[in-house]
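Novice: Each chain, written out:
There are 2 protein chains.
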Amino acid sequence: MAKISNISGFPEWLPEQKLAEDWVIEKIKGIYESHGFVPVETPSVELMSTLASKGVVDKELYVLRRANAEDDGEAELGLHFDLTVPIARYIALHFNDLVFPFKRYQLQRAWRGERPQKGRFREFYQFDIDTFGRNTLPLACDAEILTVLDKVYRTLNLGNYVIRVNNRKILLGLYSSLGLDGEQRQKAIVAIDKIDKLGEAAVLAELVDGVGVEAGTASKIVEFCKIKTTPEKLSATLSELAITDELFAEGQRELEEVLFQLSSETQSKIEVCLSLARGLDYYTGLIFETLLVDYPEFGSVGGGGRYDGLVSQFSNQKVPGVGVSLGITRLMNFVFENNLLPLENKTPTRVLVSVYSEEQRVACNEIADRVRACGVPTEVFFTSPKLGKQIDYAAKKNIPFVLFVSAEDNSLRIKDINSGEQIDVDDLEQWCGAIND
Amino acid sequence: MAKISNISGFPEWLPEQKLAEDWVIEKIKGIYESHGFVPVETPSVELMSTLASKGVVDKELYVLRRANAEDDGEAELGLHFDLTVPIARYIALHFNDLVFPFKRYQLQRAWRGERPQKGRFREFYQFDIDTFGRNTLPLACDAEILTVLDKVYRTLNLGNYVIRVNNRKILLGLYSSLGLDGEQRQKAIVAIDKIDKLGEAAVLAELVDGVGVEAGTASKIVEFCKIKTTPEKLSATLSELAITDELFAEGQRELEEVLFQLSSETQSKIEVCLSLARGLDYYTGLIFETLLVDYPEFGSVGGGGRYDGLVSQFSNQKVPGVGVSLGITRLMNFVFENNLLPLENKTPTRVLVSVYSEEQRVACNEIADRVRACGVPTEVFFTSPKLGKQIDYAAKKNIPFVLFVSAEDNSLRIKDINSGEQIDVDDLEQWCGAIND
Numbered sequence: 001m002a003k004i005s006n007i008s009g010f011p012e013w014l015p016e017q018k019l020a021e022d023w024v025i026e027k028i029k030g031i032y033e034s035h036g037f038v039p040v041e042t043p044s045v046e047l048m049s050t051l052a053s054k055g056v057v058d059k060e061l062y063v064l065r066r067a068n069a070e071d072d073g074e075a076e077l078g079l080h081f082d083l084t085v086p087i088a089r090y091i092a093l094h095f096n097d098l099v100f101p102f103k104r105y106q107l108q109r110a111w112r113g114e115r116p117q118k119g120r121f122r123e124f125y126q127f128d129i130d131t132f133g134r135n136t137l138p139l140a141c142d143a144e145i146l147t148v149l150d151k152v153y154r155t156l157n158l159g160n161y162v163i164r165v166n167n168r169k170i171l172l173g174l175y176s177s178l179g180l181d182g183e184q185r186q187k188a189i190v191a192i193d194k195i196d197k198l199g200e201a202a203v204l205a206e207l208v209d210g211v212g213v214e215a216g217t218a219s220k221i222v223e224f225c226k227i228k229t230t231p232e233k234l235s236a237t238l239s240e241l242a243i244t245d246e247l248f249a250e251g252q253r254e255l256e257e258v259l260f261q262l263s264s265e266t267q268s269k270i271e272v273c274l275s276l277a278r279g280l281d282y283y284t285g286l287i288f289e290t291l292l293v294d295y296p297e298f299g300s301v302g303g304g305g306r307y308d309g310l311v312s313q314f315s316n317q318k319v320p321g322v323g324v325s326l327g328i329t330r331l332m333n334f335v336f337e338n339n340l341l342p343l344e345n346k347t348p349t350r351v352l353v354s355v356y357s358e359e360q361r362v363a364c365n366e367i368a369d370r371v372r373a374c375g376v377p378t379e380v381f382f383t384s385p386k387l388g389k390q391i392d393y394a395a396k397k398n399i400p401f402v403l404f405v406s407a408e409d410n411s412l413r414i415k416d417i418n419s420g421e422q423i424d425v426d427d428l429e430q431w432c433g434a435i436n437d
Numbered sequence: 001m002a003k004i005s006n007i008s009g010f011p012e013w014l015p016e017q018k019l020a021e022d023w024v025i026e027k028i029k030g031i032y033e034s035h036g037f038v039p040v041e042t043p044s045v046e047l048m049s050t051l052a053s054k055g056v057v058d059k060e061l062y063v064l065r066r067a068n069a070e071d072d073g074e075a076e077l078g079l080h081f082d083l084t085v086p087i088a089r090y091i092a093l094h095f096n097d098l099v100f101p102f103k104r105y106q107l108q109r110a111w112r113g114e115r116p117q118k119g120r121f122r123e124f125y126q127f128d129i130d131t132f133g134r135n136t137l138p139l140a141c142d143a144e145i146l147t148v149l150d151k152v153y154r155t156l157n158l159g160n161y162v163i164r165v166n167n168r169k170i171l172l173g174l175y176s177s178l179g180l181d182g183e184q185r186q187k188a189i190v191a192i193d194k195i196d197k198l199g200e201a202a203v204l205a206e207l208v209d210g211v212g213v214e215a216g217t218a219s220k221i222v223e224f225c226k227i228k229t230t231p232e233k234l235s236a237t238l239s240e241l242a243i244t245d246e247l248f249a250e251g252q253r254e255l256e257e258v259l260f261q262l263s264s265e266t267q268s269k270i271e272v273c274l275s276l277a278r279g280l281d282y283y284t285g286l287i288f289e290t291l292l293v294d295y296p297e298f299g300s301v302g303g304g305g306r307y308d309g310l311v312s313q314f315s316n317q318k319v320p321g322v323g324v325s326l327g328i329t330r331l332m333n334f335v336f337e338n339n340l341l342p343l344e345n346k347t348p349t350r351v352l353v354s355v356y357s358e359e360q361r362v363a364c365n366e367i368a369d370r371v372r373a374c375g376v377p378t379e380v381f382f383t384s385p386k387l388g389k390q391i392d393y394a395a396k397k398n399i400p401f402v403l404f405v406s407a408e409d410n411s412l413r414i415k416d417i418n419s420g421e422q423i424d425v426d427d428l429e430q431w432c433g434a435i436n437d
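So the sequence lines, in the order shown, correspond to chains A and B. Letter 205 of the first sequence, counting from 1, is numbered 205 in our numbering, and no numbers are missing. Letter 115 of the second sequence, counting from 1, is numbered 115 in our numbering, and no numbers are missing.
Just so you know, these hints were derived from the structure itself, not from any lab. One should not assume that every hint holds.
Said to hold, decoys possible - One side of the interface only, derived from the structure: several residues of chain B facing chain A at Cβ under 7 Å: (1) 15; (2) 18; (3) 42; (4) 62; (5) 63; (6) 99; (7) 372.
As the list claims (entries may be wrong) - Derived list of chain A stretches under chain B, where covered just means 3 residues or more per stretch with a C-beta under 8 Å from a C-beta of chain B: (8) 6 to 20; (9) 91 to 101; (10) 225 to 231; (11) 317 to 323; (12) 336 to 349; (13) 361 to 369.
Each residue gets a CB set at the ideal place from its N, CA and C atoms; glycine is no exception.
Just chain A, same shape as in the assembly (with noise of 0.2 Å):
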């Protein structure tokens, strides 16, 4: 007997899970769709030189290899470790066959080789969604990816949840006004980025001793971390700050104009949070995450940004880009290890037709299609014992009726497995339409 095994880092659901994580992907897909975005998917690997050119540590990468297949000189190819490198190297690739500006969703397994712990995967689902112009991208694209993050959160329901966001030039503009140069400002975002994680402390001493700025800087680069605004008061609280630099004021005109372009039931749960950062490096302007209120150790489940110079590493053109990422599996880990869903269904199975005997089965699976033409899914039952062992099956699988096909004229009786309550059919489509409804 071969050996079985859970791998960790590699999850897998039970029926009555899967069926949960499709319910919330069904809801996710319809609202992309709702604004438009088409489906696209990209191989599960790429080149390694595609991989690598956005200077990821390659640790992380699983490459591929054909086991005991000799040296044949083919390109070296990794699984990819996100959507948002695959889905630039396809629009570089396909450039000409797409309509701009281009929005696409996109559900796919990611890989990454870390070492597992608590909530953290090394395959896993993403669901990203992500606008693209030709040269140009107003920050109505922007806008618009904000506001269906809010629907996506609004209909999960998982309790109260807020939309962190900043600018990365409201960044880069304070660091250049106090004096750091380009990288000692890169360094500085990776460093504030972990503020929640490690503390004040440690991040301001991370500043002076990793990033190389003095004591006094690195105090107000935090001080200024600490600031939480609302959408109304955004304008205020910064300008109070007097920081005169071009990209500090860029910054807060592009957040400004997206923040009032959404609806006022989306501002309410906007935070403006300097201290916001995101560690990836492609991001040039809005960055944002979500957080659930009432599980904070829970961390980010949905971030993105916009990323003005990713599709040009792989071409000629001008494509800024901007989207977010749900992380599926890390969503469906924490429904269930909080029961945020019910998980009563092992099955899409509605009706269960009953057979007395086998000489019965051929009528019973006509009876069962003409259930299913009306859209309730049906199983027959697959043998014929005691009708105590088929209501059984029924109630361990969650099927809410059973149908019984007289052996005599073929007439029908069902019962609710819930209330226990049987009723005759006369009309089996006028029934199903009913508990259709």
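Start from chain A and add chain B according to the hints.
Specialist: Below, chain B without anything else, positioned relative to chain A:
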């Protein structure tokens, strides 16, 4: 600039093709769910020991390695090459959490490191259903798999098709009655599986030289292969051969019983074809595959059968299974090459809200949300250029309607892109209801 390229054997579709693929997947999923199959997914990887347990040619396997990782004693992982071995391992692992008969569908990518060739891919989607029983699995489940397969082909409407069926026991029983030993019987199955591809002479030679049977016996095997019959004539045809072998008789009984349970509609698509063998060694009873009659060179896109011993490679439990695997990527590639589905839509969007000026954008967003609330995917144009440019965008993406919002009084006017007609709309929700019908 990083080098970009399509990687041979790893296909990716344009948005209009992906929309067509999603249409096909939704249709198939609807049929699977209507019969009560529940979604399951497994990781993309398995332990190499799991993948190898069936004695696969391991050159076709992709092995994973973490880039630059030190040898840390982790078990070797490989990408799965089908969905049958993973689900057998899944059932063994989660046996106590599943309700039997366990009916699941699974849509996932699989990988094979074969030499790329026309119509063969290294990464491809399979869309499988299988039913598993605890200890026993009645033939009603085999019949259901054929019924579902027939419904899929009927629904996809890709032209005339045939479902070829056979039973491994009929083949093994025949070979046994001709004096072949166990190893020879397995080899003979592999040999005759190639008769369509290699022709009669090559198979005769292989039977004599490779399998080691006498020329007269080889001729009998090949003659037997040529037998094709219908469900109605099956009994008569097989009885005429006067083969007295218990396994042969059991295979005949099984096949007769399975075909008897099918609707006359499905029976009309069945061809009993005694040359059908299926290469994989785990089949133990019913085997089948489909053929598109107008495209015989395309080969089979959906096949499967009964396998009673696979799960027990991973478990002490006896869990017979039967199922079918549909090669979605091969199917879609074939559909695209032969223009079998319309590819007009480049987006789910049905209404484009045009924007006269940026001052109007927030109002346009609100109107778009009203249309979306009626279930109609809607975009708001991302800038506010001359209307002609906005209408061009709708035409390029095949968006059927453009909605104009008056800058003066917010009154609404809709242009039908196909007819060119324009109408005033007083009740937006009513109009949405009408286009939904």
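Novice: For every hint, state whether the structure bears it out.
Specialist: Now for the hints, and whether the structure bears them out:
no., hint, in the structure
1, 15, "holds (4 Å)"
2, 18, "holds (5 Å)"
3, 42, "holds (5 Å)"
4, 62, "holds (5 Å)"
5, 63, "holds (5 Å)"
6, 99, "holds (5 Å)"
7, 372, "holds (4 Å)"
8, 6 to 20, "holds (count 10)"
9, 91 to 101, "holds (count 7)"
10, 225 to 231, "violated (count 0)"
11, 317 to 323, "violated (count 0)"
12, 336 to 349, "holds (count 4)"
13, 361 to 369, "holds (count 5)"
When the structure is compared with the earlier hints, violations turn up for hints 10 and 11 and for no others.
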